[in-house]
Amino acid sequence: MSFDVHVTGATKTSLCIIELPQRLTHISHQHPLILEKGSAIIFDRFKECYNCQSQIKNNEACYTCEEDASWCYVIDVKCAVDLEKKSIHHPSHPHLLVCVLSKPILCHCSACGKEHKGTFYLCTTSSNFSLHSDCAFLPKKLLIQEATNDAFYHPHPLTISYSFPYTDQKAKYYPSCRVCNLSFQEVHNNWIYKCEKCWYYVHLDCGTSRREPFMSIMTSEGTGKTIKNFKDADYPDLINLPLPDQTCSILKHLFF
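The opening residue of the sequence shown carries number 1 in full-length UniProt numbering; numbering runs sequentially from there.
Because the hints were derived from the structure by calculation, they are not lab data.
Every value quoted in this text rests on a predicted model; they were computed, and no experiment measured them.
Yeah, the Cβ is synthetic: ideal placement off N, Cα and C, and Gly gets one too.
Restraint ranges, calculated between C-beta atoms of paired labels, are given here:
1) SER176 with GLN145: 16 to 22 angstroms
2) ALA171 with GLU146: 25 to 31 angstroms
3) LYS117 with SER176: 25 to 31 angstroms
4) SER163 with GLU115: 18 to 24 angstroms
5) GLN22 with HIS188: 44 to 50 angstroms
Think about it this way: if two alpha-carbon atoms lie no more than 30 angstroms apart in a straight line, the pair counts; the simulated DSS-like pairs of lysine-lysine are:
6) LYS86 with LYS141
7) LYS140 with LYS114
8) LYS141 with LYS197
9) LYS172 with LYS140
10) LYS114 with LYS86
11) LYS114 with LYS141
12) LYS117 with LYS140
13) LYS141 with LYS117
14) LYS197 with LYS170
15) LYS140 with LYS197
16) LYS170 with LYS140
17) LYS197 with LYS114
18) LYS170 with LYS114
19) LYS172 with LYS114
20) LYS86 with LYS117
21) LYS197 with LYS172
22) LYS170 with LYS141
23) LYS86 with LYS140
24) LYS172 with LYS141
Put together the whole structure using the sequences plus the hints.
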């Protein structure tokens, strides 16, 4: 995954480029980020901040991933500064969250509902809220076809929601996840991605490619195509259609 951070200038952020470090590292991304001067940056189309969706213009200074120059993700300077902080205010929770950086811990994530080993942001007031760093910095909006490498498709951006209450589920006739086809009723306090206009809902992991789809051998792209993600040698009893000629038959293939 690529990652980059743009710098909007002193008028928006009260930060000058000369005050910014040439190189950054942060737990939200696996590679170091390097400062690129604005004059070297030309976007082929408008970009949005990965974190807050503000528009990124051409020729603005940026932090770019050392390992990837494809400019798939962009984060504005305010978000970049926030990423450097050891504590954050997250819109999903009313209290300050403090990052545990000393060593990875095994903990339940309040966002996705799963147990992870890694870096967490913990609530300073209560002990029943914790965010894994991967979930804490998920984009507020995404296109599921981009997040899942075209395995699934929806024409509208999906917006993150920090819960899916029973009352909302009942009003929508208890919808199932469009990726894994499982219910939301047992995970109503977990985050989801949704298109409210189309009643399109997916689990957090499903919308970001972190959960195996419920039919993992053949995964629909949603565009009339099918992705093959297995080797024929691993499934010797599979039948390839159409059959090569009239001498072949399904019964002969299976039983003789």
